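Build the complex: two chains, separate frames, hints provided.
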Amino acid sequence: MMSTALLEDTVLSPTAGRLYRRQNALTGLLFGVGLAVLGWFIALNTVQSNENFGSDMTVAVTMTCWVIGFNIGIGTFNAVFAWVLGHDQSREDELYGAGVSQGRSRYFKYCTDHKVVGTQYLILVFVLFFVGGTLAMMIRTQLLTPNSSFLSPQTYNAVVSIHGMCMIIATIIMVSGPFANFIMPIMIGAKDMAFPRLNAMSFWVVVSAVPPLLATFFVGGVNAGWTTYAPLSVQDGPAMICFAITIITFVVSVTVAGINTLITVLTMRAKGMTFSRMPIFVWASVIGGGLGLYAMPAFLLAMTLMVADKATGTSFFVADQGGSGWLWENVFWIMGHPEVYVILIPPVGALMEVLSTFSRKPVFAYKMIIGAMTGVAGLSIMVWAHHMFTTGWAPDLAGPFMLTTELISIPTGIIFLAAIGTLWRGSNWVRLPMYFGFLFIWNFIVGGVTGIYLSDVPADNYFHGNMFVTAHFHYTLLGGAMIAATAGLCYWFPKVTGRMLDERVGRWAFWLIAIGFQVTYMAQFYEGFKGMPRRVANYDPVFRPENLVSSIGAYVLMAGWVVLLYALVSSWRNGAIAPANPWSAKSLEWHTETPVPLENFLQDPLVINDPYGYGGVASEQIHAVFGAHAHHGANNGDHTS
Amino acid sequence: MSSNQLHNDDSILEDLAPEVDRDLHSKHVRGTALLWLIMTVGGVLCGIYLTPRLMPHMFAKEGRDAVLTVQVFTVVAAPVAALVCAVALYSLLHTRHRASLEHPPKDGKPLRGNALASGAWLIVSTLLVVFLLFWGLTEWSAQQVVHADSLTVNVVGNQWVWDFEIPAQKVRLEGDKSLIITKAISMSQLNLPIDVPVTFNVTSKDVTHGFWPVNLGIQVDANPRATTTVHATPDRLGKFVVRCSQLCGLNHAYMYTEANIVSDSTFEAWVAGGATKPIGSLIAKGAA
Numbered sequence: 001m002m003s004t005a006l007l008e009d010t011v012l013s014p015t016a017g018r019l020y021r022r023q024n025a026l027t028g029l030l031f032g033v034g035l036a037v038l039g040w041f042i043a044l045n046t047v048q049s050n051e052n053f054g055s056d057m058t059v060a061v062t063m064t065c066w067v068i069g070f071n072i073g074i075g076t077f078n079a080v081f082a083w084v085l086g087h088d089q090s091r092e093d094e095l096y097g098a099g100v101s102q103g104r105s106r107y108f109k110y111c112t113d114h115k116v117v118g119t120q121y122l123i124l125v126f127v128l129f130f131v132g133g134t135l136a137m138m139i140r141t142q143l144l145t146p147n148s149s150f151l152s153p154q155t156y157n158a159v160v161s162i163h164g165m166c167m168i169i170a171t172i173i174m175v176s177g178p179f180a181n182f183i184m185p186i187m188i189g190a191k192d193m194a195f196p197r198l199n200a201m202s203f204w205v206v207v208s209a210v211p212p213l214l215a216t217f218f219v220g221g222v223n224a225g226w227t228t229y230a231p232l233s234v235q236d237g238p239a240m241i242c243f244a245i246t247i248i249t250f251v252v253s254v255t256v257a258g259i260n261t262l263i264t265v266l267t268m269r270a271k272g273m274t275f276s277r278m279p280i281f282v283w284a285s286v287i288g289g290g291l292g293l294y295a296m297p298a299f300l301l302a303m304t305l306m307v308a309d310k311a312t313g314t315s316f317f318v319a320d321q322g323g324s325g326w327l328w329e330n331v332f333w334i335m336g337h338p339e340v341y342v343i344l345i346p347p348v349g350a351l352m353e354v355l356s357t358f359s360r361k362p363v364f365a366y367k368m369i370i371g372a373m374t375g376v377a378g379l380s381i382m383v384w385a386h387h388m389f390t391t392g393w394a395p396d397l398a399g400p401f402m403l404t405t406e407l408i409s410i411p412t413g414i415i416f417l418a419a420i421g422t423l424w425r426g427s428n429w430v431r432l433p434m435y436f437g438f439l440f441i442w443n444f445i446v447g448g449v450t451g452i453y454l455s456d457v458p459a460d461n462y463f464h465g466n467m468f469v470t471a472h473f474h475y476t477l478l479g480g481a482m483i484a485a486t487a488g489l490c491y492w493f494p495k496v497t498g499r500m501l502d503e504r505v506g507r508w509a510f511w512l513i514a515i516g517f518q519v520t521y522m523a524q525f526y527e528g529f530k531g532m533p534r535r536v537a538n539y540d541p542v543f544r545p546e547n548l549v550s551s552i553g554a555y556v557l558m559a560g561w562v563v564l565l566y567a568l569v570s571s572w573r574n575g576a577i578a579p580a581n582p583w584s585a586k587s588l589e590w591h592t593e594t595p596v597p598l599e600n601f602l603q604d605p606l607v608i609n610d611p612y613g614y615g616g617v618a619s620e621q622i623h624a625v626f627g628a629h630a631h632h633g634a635n636n637g638d639h640t641s
Numbered sequence: 642m643s644s645n646q647l648h649n650d651d652s653i654l655e656d657l658a659p660e661v662d663r664d665l666h667s668k669h670v671r672g673t674a675l676l677w678l679i680m681t682v683g684g685v686l687c688g689i690y691l692t693p694r695l696m697p698h699m700f701a702k703e704g705r706d707a708v709l710t711v712q713v714f715t716v717v718a719a720p721v722a723a724l725v726c727a728v729a730l731y732s733l734l735h736t737r738h739r740a741s742l743e744h745p746p747k748d749g750k751p752l753r754g755n756a757l758a759s760g761a762w763l764i765v766s767t768l769l770v771v772f773l774l775f776w777g778l779t780e781w782s783a784q785q786v787v788h789a790d791s792l793t794v795n796v797v798g799n800q801w802v803w804d805f806e807i808p809a810q811k812v813r814l815e816g817d818k819s820l821i822i823t824k825a826i827s828m829s830q831l832n833l834p835i836d837v838p839v840t841f842n843v844t845s846k847d848v849t850h851g852f853w854p855v856n857l858g859i860q861v862d863a864n865p866r867a868t869t870t871v872h873a874t875p876d877r878l879g880k881f882v883v884r885c886s887q888l889c890g891l892n893h894a895y896m897y898t899e900a901n902i903v904s905d906s907t908f909e910a911w912v913a914g915g916a917t918k919p920i921g922s923l924i925a926k927g928a929a
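These protein sequence lines are chains A and B, in that order.
Take the first sequence: its position 16, counted from the start at 1, is 16 in our numbering, and no numbers get skipped.
Take the second sequence: its position 239, counted from the start at 1, is 880 in our numbering, and no numbers get skipped.
Wrong hints could be hidden among the right ones.
Said to hold, decoys possible - Have a look at the derived ranges for each label pair, beta carbon to beta carbon:
| # | chain 1 | residue 1 | chain 2 | residue 2 | range |
| --- | --- | --- | --- | --- | --- |
| 1 | A | Leu30 | B | His735 | 58 to 64 Å |
| 2 | B | Leu733 | A | Lys367 | 24 to 30 Å |
| 3 | A | Thr274 | B | Pro751 | 29 to 35 Å |
Calculated from the structure, these hints are not laboratory results.
Small disclaimer: the values here were computed from a predicted structure and weren't measured.
Backbone N, C-alpha and C define an ideal beta-carbon position, used for all residues, glycine too.
Chain B on its own, in the form it takes in the complex (with noise of 0.2 Å):
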């Protein structure tokens, strides 16, 4: 039978074993290492300089919190991931049995199981999720600690609006001045003035809505009859998108609006001027 004969053919370079078997393997293992670090390589590179990229700039730390979680995640996932694609490709480009396809080729070497590569396997994953767990909590952590003297923005949302409001409170800006906003302000842009922590508690008129101003990196939902409370400290002047990231219903896409964080100064001179006014006037004016 012509399967017969394959297997003759096939095994010739088997039937040299067992003196040469282990530079066979040997010959297998650096081959797969050589591929390994080949996609190790480019796995970490592209960590470290395509995710951040990816992302958009990020205008509070918890932003860039993300950003560099997911350049540490991949860097810390690519040499496994690695060895798994390098493991595959080599066993791809080193198919042995091309002359036929219409018979199965030779059995392979039956390896039932190896306790060290399994055990070895195990240890590194387990010391990887605990990296990973210690770092979630380490950032997640570090985020949670509420300044005392945060900036209250309520928000609301509706379907399919987003509306903020300025409580009358006294705000801290920075160098010890203060600002003090005796009446309410109701915007439908978030408008919020540079490095002042905000803290910001959440409701929803109707439906849940999915409270997502984008490029600080926070996300928390807007429930009805319940209020969450989510921390940021925009550090950066310019404007982004506040989205919705809850399907809400039927203009879900159009539950969106502008964020502006801009100085001191011209949130000042916008609470002064009763806070009617589009702050993008402003922003001009203050730059000026």
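Chain A on its own, in the form it takes in the complex (with noise of 0.2 Å):
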């Protein structure tokens, strides 16, 4: 038995942590700013001078300096130049970066406590989102007129990228970032993740990433959409430099994300929790992180490639040089389809998880889901190309696309079976978890329908390019996936803040968030059967009545948000003390204190059965015990599976 005294009380000497005690965001903007003002001096004194790249390389080298800089500040590469040095850890220096004896400063640093981690994404996606959102309140203000003046076209289209980019790397980390770290590693039952400091490391090499981006608006703006095909974006400003840094860094965050997701599930795993014991979320997160690894890469190489071509005169992607605007299209899009499913999958099994607590069953047909998963993510990797279908390029591979593409519909049907069978004969507790569950349903049924109409090369020779195509995908990946995201976050709630949600608020949100989202998107299909262009910054006067409704539901849509936001915040601050186990779940998680101590668990966990033993026999009912049936200290390697 473990003595009662909690590790996050340890009394530490006051050198421990050595050179992190002098380390936080604030030491990360001095030195990174630092490090990009000298980068920049210098190469405004040799490369500038440059009469074709010397801005462009300018800006990438001040760029790099910023993302080296930061980072050297916070104390990512701490523990690698100790080690270099010969000074490795000690057990203090250990708890120190755990963030034992720091109080709330500790979101502020380079902190390895998973929990920590989880909550700083989670922060990072309400900014990113807040940003994102921001930028989509302008595209619409800008679109309630046929000919509004409101955004010059330059700025139009600087706002439609960055709208594009900062929303596709928030929706990449709203699960996988939040509560991949915060609740999968106590899912299943570990200490931390397998990699502590790459943790934090995955974290603060993402903030990093974002300056860049928004510094595209001040140097003259990415024209070229998220897309940025060449060699229209070979044509930008420098701001196609920034784009590329931010992408690049990212690129490296998720990934040592998507390895230690990995890594921890393989060998983190508490004693009985074998493979067909695990929570849906845990084989989503591993599914959803591991089609990272294989999708994130070429979107590394392509802004690499990119990055030469503007900088340094190469020609990959230019056709008057010998290169090739399809093999943009094509590195991007091997990244871009899969990347969809490494947004959806994540949040799909939070749903599973939200359906199962609230319809007090256990989730249906447990293994065809793990197999759909399975089977979603290795078709991703065989579509990309149907988003090229009028490209011209290749147009006998247009079948065997359009196969692999509708096969995918197979697999996704099966999730949706699941989901109707875990609700089916359910007893329906319908808290606000639950409301955004339902709502996931109908938004992704839509979304899946309109699909396959895309997925048909003849149908989209008419609706490529056109707003059908913005309102298919704003159903799948803000209806679908983000509200799923959302249904995760309304049920963890309780257990990363240790406050209950306040769902009389959180009720408002979710009609406004419900109904602001048909009316925008419902038009938007709309304009697009019509035949509206997307990515115009005015268009003809016939689209009058549809965009003027679209922005209305977006203004609607965006205030639920922002309701959602005030609940959440309000909630964090005031809210009702959490119980530890608010909903009567099952798995690990709600099975050990709030706020949930350092290393997770006081007593260790057995798994004895999966966690979805709802309505089951007695044996059946107990996900795991604690104590005295379980063997303490098998939690780090020792494992049965």
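As structure tokens, this is what we get:
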């Protein structure tokens, strides 16, 4: 038995943590800006004079220096330097690194505790969604009237591009960041992630990727959309370099996080946590993270070549010099389609937990869900050219890509089957997470059905590049993934914050979101049916009424998110104290204290069943036993699987 | 504890099981089936009657193919989508736990899977996918048939205008008439004779554009240093818009022009007049 003294109450010597003691977000900022200014000054006096690429190279040097400087300042490289110099970290240093004795300031530091990292990610996701949402409001305001001059065409394109990329980054990390970090290790009975320092790194690296993205607005703006098709993107100013540095940095973060998730699940499971007892959300985190390891490096490669084209005069993507825009489109979508499922699979896993808990039933067809998620991930790497049906590249491949794309609807259908099978004859405890669960099912059905039109080449020849596509992917990614993630957020909020979410305000937010969303994107489907192209700053007056409706819907939708944010923030500060297990759920995260202690469990769990024993016989009802029944110290490295 | 009381209240109904369970069960099935039927009929009607009204009049078979595909796919998807929605809606309407939201209701039936349901679902969805694929490939391959004597039109995308050129060629019009174009015609609007198969050779002078003669239902990108090809046979008189469907920079929104589909005689008159006059003025004359 572990003593009752909590690890986080350990009194550390005043030197514990060494260099980390003097580092926080502010030193990161200072070092980042300092090194960026230094790099900028050197570049200005050397490479800037190159008449073709001078300013591109200067921006590349400055932004790279920012990223490296920030990470030096925050402490990303401390442990590596210390190890090289022969100073390995002591236990005290590790406890300091995990945030012991630092109170709230640990949220602004390079903290290795997975719960701190998860919380940091959650805040970052809020910030990114707020930025992306504000940009979306600017887009919809511009499109209120056909010939609006609210934004210049240049600014409009910049806003559209950064709205897209900001939302893509936010949605990739919206579940894999907060919940795969905070919740998933507890779910499998681990004390932390397999690589706690890499975990902190994945967070601070993605933080350092954000300023270059926003800097694009100040160096001319990205003109080419989030897809940055070449050669248009190669024509762009240095903003494209900032954009590429953001992506390259972001991919490093996602890769590190993905490896960490995989290794954690492979090696850190509690005794008895066999693969077939793992919660669906753990499977979803593994499959989503693993798919990211396949998809994201292609993005890093593409953006590296893009930087080379722009800043050094290579011509990978410049047709006039022997390159090919089609090459860009291929590499981009080889990343871009799996990436859709990197976004989608983890929230769907979270949703399954919500549906099971609030239906008071086991998830339906557990093994088929895992098979379906794996099948979706596998097929998703073979469908990329359906984004290129109308490009004229390889028309003979239209058939094969139509096949793979339509095949994906089979495993996706199984996920629907599992969702409705879980609801079927369930008790349906309609708490706030369940509201978002139902909304997900409706939105994702609409997104799925409209997807099959787009998978059909002759129909896509009408819909490609028009507002129908915009509406379709917002139904899947915002209405699907983000609503499922919101269900997960409302579900795990008591565990993460220690407070109950104010569901009365939350329901107001829900209705605004649900209705605003349908109005916004149904109007955009209509625009698409009528033939309005996407990514236009002004449009033909024939599209006026539906654009007006869509913009009004968008304002309502944004109002809903703001109300939800208010509910989250006010509950986080003043909400009722949450019990350890407010939902009477079975998975491990609900069977440890709230707030969750450092290293998660005061007594090690021994898992004896899957966490879905609702309504079953007594022996199935219990997911895990603690303490006397469980062998102490079995957590690290000693597994039965 | 109040939660226990709740459990007891809630479970009265359930404790009558197993004798009435089968009845209850079929009651659930009947309720859901009714919802499913209503939604399926709604979806099918939407597919047949609503979707074509949302889309513009098409000027070529390719465009009508797109409309028909939307209709057929909506009808085919309706039963599946309706089943998902019906089960979700039924469970929403049939929420048994209204007394208190504070405490979890009694557990539901521990259904961990059902081989019959899963198997049927898999088979049906696979058959549907096979149908979608068959439909798409059939339509697509029919569209790929190239008429040997089609009218060639060169399309060039520039930032941010479309340029069209009808190179010197012999055009076969209806009824074995033919029109010989001796000198290449350049035009800023897309003027085409009705019922003549057209091959568009599309390229770009700068960045990637998307050649989208909207009401023909065809689309292909204009890429620099490459020529892409697309075919259609306009079969309806009138005009529509040619747009750019690929973000191409600052004035992408303004990269559009007019397409005029005119009668043989109007087209001939226009060519005979040096192809310089706006074709609109001739349409009025031709109609008179």
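Checked hints:
The hinted range of 58 to 64 Å is satisfied by Leu30/A and His735/B, whose Cβ atoms lie roughly 60 Å apart. At about 27 Å, the CB distance of Leu733/B to Lys367/A agrees with the hint of 24 to 30 Å. Under the hint 29 to 35 Å, the C-beta atoms of Thr274/A and Pro751/B, about 20 Å apart, miss the expected range.
The structure does not agree with numbered hint 3 stated previously, though it agrees with all others.
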